[in-house]
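Let chain A serve as the given structure and place chain B on it in line with the hints.
2 protein chains.
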Amino acid sequence: MRKMNLKPMMNPHSVAIIGASRNPDKVGHVILQNYINAGYSGKLYAVNKEADEIMGVKAYKSVLDIKENIDLAVIAIPAEFVPQAMEECGKAKVKSLVVVSGGFAEIGNNDLQDKLVSVANKYNMPTLGPNCLGIMDPKSREDTLFLPTFKLSRPQVGGVSFVCQSGAVGSTVLDLIAGEGFGLSKFISYGNAAHVDEVDILSYLMDDPDTKAIIMYVEGIKRGKEFVELARKITKKKPVIILKAGRTAAGMAAARSHTAALAGNYEEHEAIFRQFGFTVAEDLSELLYYAKILSTESFPSGGRTAIITNGGGVGVITADAMASTKHLTLADFTQKTKTALRKVMPPLVNITNPLDLAGDAGEERYGAALSLLSADPNVDMILVIALFQTPGADSRVAAKLISAKEQLDKPLIALSIGADYTKMHRIMMESAGLPVYDSPSSAVKSLDALLKYAKYRNGK
Amino acid sequence: MRKMNLKPMMNPHSVAIIGASRNPDKVGHVILQNYINAGYSGKLYAVNKEADEIMGVKAYKSVLDIKENIDLAVIAIPAEFVPQAMEECGKAKVKSLVVVSGGFAEIGNNDLQDKLVSVANKYNMPTLGPNCLGIMDPKSREDTLFLPTFKLSRPQVGGVSFVCQSGAVGSTVLDLIAGEGFGLSKFISYGNAAHVDEVDILSYLMDDPDTKAIIMYVEGIKRGKEFVELARKITKKKPVIILKAGRTAAGMAAARSHTAALAGNYEEHEAIFRQFGFTVAEDLSELLYYAKILSTESFPSGGRTAIITNGGGVGVITADAMASTKHLTLADFTQKTKTALRKVMPPLVNITNPLDLAGDAGEERYGAALSLLSADPNVDMILVIALFQTPGADSRVAAKLISAKEQLDKPLIALSIGADYTKMHRIMMESAGLPVYDSPSSAVKSLDALLKYAKYRNGK
Numbered sequence: 001m002r003k004m005n006l007k008p009m010m011n012p013h014s015v016a017i018i019g020a021s022r023n024p025d026k027v028g029h030v031i032l033q034n035y036i037n038a039g040y041s042g043k044l045y046a047v048n049k050e051a052d053e054i055m056g057v058k059a060y061k062s063v064l065d066i067k068e069n070i071d072l073a074v075i076a077i078p079a080e081f082v083p084q085a086m087e088e089c090g091k092a093k094v095k096s097l098v099v100v101s102g103g104f105a106e107i108g109n110n111d112l113q114d115k116l117v118s119v120a121n122k123y124n125m126p127t128l129g130p131n132c133l134g135i136m137d138p139k140s141r142e143d144t145l146f147l148p149t150f151k152l153s154r155p156q157v158g159g160v161s162f163v164c165q166s167g168a169v170g171s172t173v174l175d176l177i178a179g180e181g182f183g184l185s186k187f188i189s190y191g192n193a194a195h196v197d198e199v200d201i202l203s204y205l206m207d208d209p210d211t212k213a214i215i216m217y218v219e220g221i222k223r224g225k226e227f228v229e230l231a232r233k234i235t236k237k238k239p240v241i242i243l244k245a246g247r248t249a250a251g252m253a254a255a256r257s258h259t260a261a262l263a264g265n266y267e268e269h270e271a272i273f274r275q276f277g278f279t280v281a282e283d284l285s286e287l288l289y290y291a292k293i294l295s296t297e298s299f300p301s302g303g304r305t306a307i308i309t310n311g312g313g314v315g316v317i318t319a320d321a322m323a324s325t326k327h328l329t330l331a332d333f334t335q336k337t338k339t340a341l342r343k344v345m346p347p348l349v350n351i352t353n354p355l356d357l358a359g360d361a362g363e364e365r366y367g368a369a370l371s372l373l374s375a376d377p378n379v380d381m382i383l384v385i386a387l388f389q390t391p392g393a394d395s396r397v398a399a400k401l402i403s404a405k406e407q408l409d410k411p412l413i414a415l416s417i418g419a420d421y422t423k424m425h426r427i428m429m430e431s432a433g434l435p436v437y438d439s440p441s442s443a444v445k446s447l448d449a450l451l452k453y454a455k456y457r458n459g460k
Numbered sequence: 001m002r003k004m005n006l007k008p009m010m011n012p013h014s015v016a017i018i019g020a021s022r023n024p025d026k027v028g029h030v031i032l033q034n035y036i037n038a039g040y041s042g043k044l045y046a047v048n049k050e051a052d053e054i055m056g057v058k059a060y061k062s063v064l065d066i067k068e069n070i071d072l073a074v075i076a077i078p079a080e081f082v083p084q085a086m087e088e089c090g091k092a093k094v095k096s097l098v099v100v101s102g103g104f105a106e107i108g109n110n111d112l113q114d115k116l117v118s119v120a121n122k123y124n125m126p127t128l129g130p131n132c133l134g135i136m137d138p139k140s141r142e143d144t145l146f147l148p149t150f151k152l153s154r155p156q157v158g159g160v161s162f163v164c165q166s167g168a169v170g171s172t173v174l175d176l177i178a179g180e181g182f183g184l185s186k187f188i189s190y191g192n193a194a195h196v197d198e199v200d201i202l203s204y205l206m207d208d209p210d211t212k213a214i215i216m217y218v219e220g221i222k223r224g225k226e227f228v229e230l231a232r233k234i235t236k237k238k239p240v241i242i243l244k245a246g247r248t249a250a251g252m253a254a255a256r257s258h259t260a261a262l263a264g265n266y267e268e269h270e271a272i273f274r275q276f277g278f279t280v281a282e283d284l285s286e287l288l289y290y291a292k293i294l295s296t297e298s299f300p301s302g303g304r305t306a307i308i309t310n311g312g313g314v315g316v317i318t319a320d321a322m323a324s325t326k327h328l329t330l331a332d333f334t335q336k337t338k339t340a341l342r343k344v345m346p347p348l349v350n351i352t353n354p355l356d357l358a359g360d361a362g363e364e365r366y367g368a369a370l371s372l373l374s375a376d377p378n379v380d381m382i383l384v385i386a387l388f389q390t391p392g393a394d395s396r397v398a399a400k401l402i403s404a405k406e407q408l409d410k411p412l413i414a415l416s417i418g419a420d421y422t423k424m425h426r427i428m429m430e431s432a433g434l435p436v437y438d439s440p441s442s443a444v445k446s447l448d449a450l451l452k453y454a455k456y457r458n459g460k
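Chains A and B, in that order, give the protein sequences. Its first residue numbered 1, the first sequence is counted upward by one per residue in my numbering. Its first residue numbered 1, the second sequence is counted upward by one per residue in my numbering.
Hints listed in this document are in silico derivations from the structure and should not be mistaken for laboratory results. Wrong hints could be hidden among the right ones.
Since the list can't tell identical chains apart, any single copy or any two copies may satisfy a pair.
As the list claims (entries may be wrong) - Lysine to aspartate or glutamate pairs mimicking DMTMM-like chemistry, simulated, CA-CA at most 25 Å apart:
| hint | residue 1 | residue 2 |
| --- | --- | --- |
| 1 | K326 | E267 |
| 2 | K26 | D420 |
| 3 | K91 | D210 |
| 4 | K26 | D360 |
| 5 | K423 | D283 |
| 6 | K326 | E270 |
| 7 | K338 | E106 |
| 8 | K26 | D394 |
| 9 | K423 | D25 |
Same shape as in the complex, but just chain A:
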């Protein structure tokens, strides 16, 4: 398998932005501004034929004039000028490239894309794109995304890397992730995959210590054999969640029209994904749902699940949803647990699973239930429903769930549904590392996916 050195691209100490501009309508302006706003920790250079300085950053006529080590050049100029700019990068010994410019194979300009690939190979410069958003890393503050932060929120630092072919899909999911308070290690949008492709990126992320789990959106996979070889290895080390577009004939036709990639037969792909332990998502939201739980690295030994709730009806709906999963069952608490629960709970609380703590339940009842169910050998996983509309639920309940998560050696997730006040608590819990869901079905599907992956990884 070919091995590209993606480190200078993924963690650059110096970046040149070719096409940086004073004109706020230009892509190169937004990219430079995002590097500045994010507080990028490395050295920053602007390349522009007409300016000496842009937004306080020194500008050069050509990358050849910089005369310093450049780990990464971000190219944001019209497609026709890209090969020439790449030539200059090659001569300047730039270590890697991200070409955000569109106008290549995706609109039939195959010759121009071939030229791009031949320059990349000539100088041995790993090149991401073209027609991509590039890379965003909340830790190093690398940010080649040409979308302003007021439109597209950036997530905090976390343990999941997101590999995405399409820029539009990438930006919407990235925005969703940021809005939920979920953290990301790296976001990589690779567009036409002319040079660096999904196999190269996955190889890199497999050994990246900052990446605990990977989510990916692909439209086509070019090097099927290498992909399979890699898949076999990677899922034994870390979870990979995948959404492949073109699942149906209609979708496949649409995918063909959208990129130059061949969509391939979905059934074959899916069978391979599942065989090698990938977690398959069927909708954009599932990418995020599964990432939340799989990145916790807390794996269950079975599917016996306890449900704690402060709203009986939502407990019932969740039990309903659980019955439609493949591996989950409602845990049967031990007699010891039942007796202990009966002692600490008020009479109106029935000692059953789901355990309905009632609408006036506060941190004490949640704390007692969590502590007793954590210790119950019949309970493999815990799903806590906290409805913050109820009289008893407040930030102390959220804090109790967070501390339970920190202490627990069993998987624990929360389910909270609602608007502003709830959203605030959701973000609080999610930011503290407790996976939070917004519907019974997404919560139980995610526990089911976790158990499935845990079984695969244990060779069962």
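Only chain B this time, still in chain A's reference frame:
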């Protein structure tokens, strides 16, 4: 079928709050405060044994001291005192009651609940509850919900009424509805259904001109025969979306423990629901998704759907999701439409369905596409994807979609996924009457549900 007069309860001109209190921890305090904050348009009386005045509202020792016509008394006092308070209401000729107090059949106090029913019957006072949240009406500003507005947002005025047995389910869905900018006609949480039940409420809403569609959450249906009789009539007049808890053995057991209601056999229920044109939801979020589209009263003549997008990948995923529905197909545009689209669209736009307007598409491209596809006889419904992270999408695109919705005689929905900037536009569009979805699967499932209901109503 018995006919209760629910008008004084649903649209009261005068309300007495029994158990109104100065103590902010008391349910009666929150209820009185909510009536005051909401700007309730009718006359308001407080009943409290110890105060002369509470928050500026004159207080009486007993409802008997008020000596004015009272359409509704809201009872928020400990369960044991409820029958006596109801006796006084009966003597004072109060026209209807909402008993929010818990502590009746749901915790085994069947005798106390029987007493409540007998007093309600003795004085012929329709009584909602006990153990319920009661009623919220954004138009009349009736608001018996004992949950403060900072925890539970209240929705704006709209055309959907929401009937909900469980208080916890009711409040979470209500909060979701408010957070999305979706409007409601009435929210009715009926709890133990000791006296007024789902059949009485549905009968009322069937003839309520402010109610264009109904969503309901039930745990058990008491009067099955009457329910079926009513169902047959109501779905020919307005759509009813139903979520019944206890779909599975696990859920049914949980439901039995949660309320005194018998959950019944779900398969039987579901078959009846579907036979009589109910739209069946399987998760809380589906209640809202289906309500959005079904309340527009715009019904399609077929399932040929056009997808417009500014992100190719999301178009592909949506086409995938569409293929898994029962009735939807990708519309095959007429040659006339294709020619016209080719003329107005830039070369990079492929004239296919999904129609990918590209990431730089602004109001002009959206406007042109909407206008041409509206006129295409091969298109029954339009699903517009507007990703607000992209360079071209802004508030003018949202405004264009809203005006298209106003002019169009075909169903039109929007799909926008993302965080803050997107959320702002989602609320803007939803508030203006354009149904907005947050995932491809929820959007296509909702169009499918709309078509199914349209066919039922047309007798197909």
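Status of each hint after checking the structure:
1. K326 <-> E267: Cα proximity of K326 and E267: in one copy and across copies (20 Å, 20 Å).
2. K26 <-> D420: Between. Shortest inter-copy distance 24 Å satisfies the 25 Å Cα cut-off; intra-copy 36 Å does not.
3. K91 <-> D210: Close neither inside one copy (32 Å) nor across copies (72 Å); limit 25 Å.
4. K26 <-> D360: between (55 Å within a copy, 12 Å between copies)
5. K423 <-> D283: both (22 Å within a copy, 19 Å between copies)
6. K326 <-> E270: both (18 Å within a copy, 22 Å between copies)
7. K338 <-> E106: This pair counts as between: shortest inter-copy Cα distance 21 Å, intra-copy 62 Å.
8. K26 <-> D394: For K26 and D394, only the inter-copy Cα distance (17 Å) is at most 25 Å; the intra-copy one is 46 Å.
9. K423 <-> D25: between (34 Å within a copy, 24 Å between copies)
In summary, the one numbered hint that this structure violates is 3.
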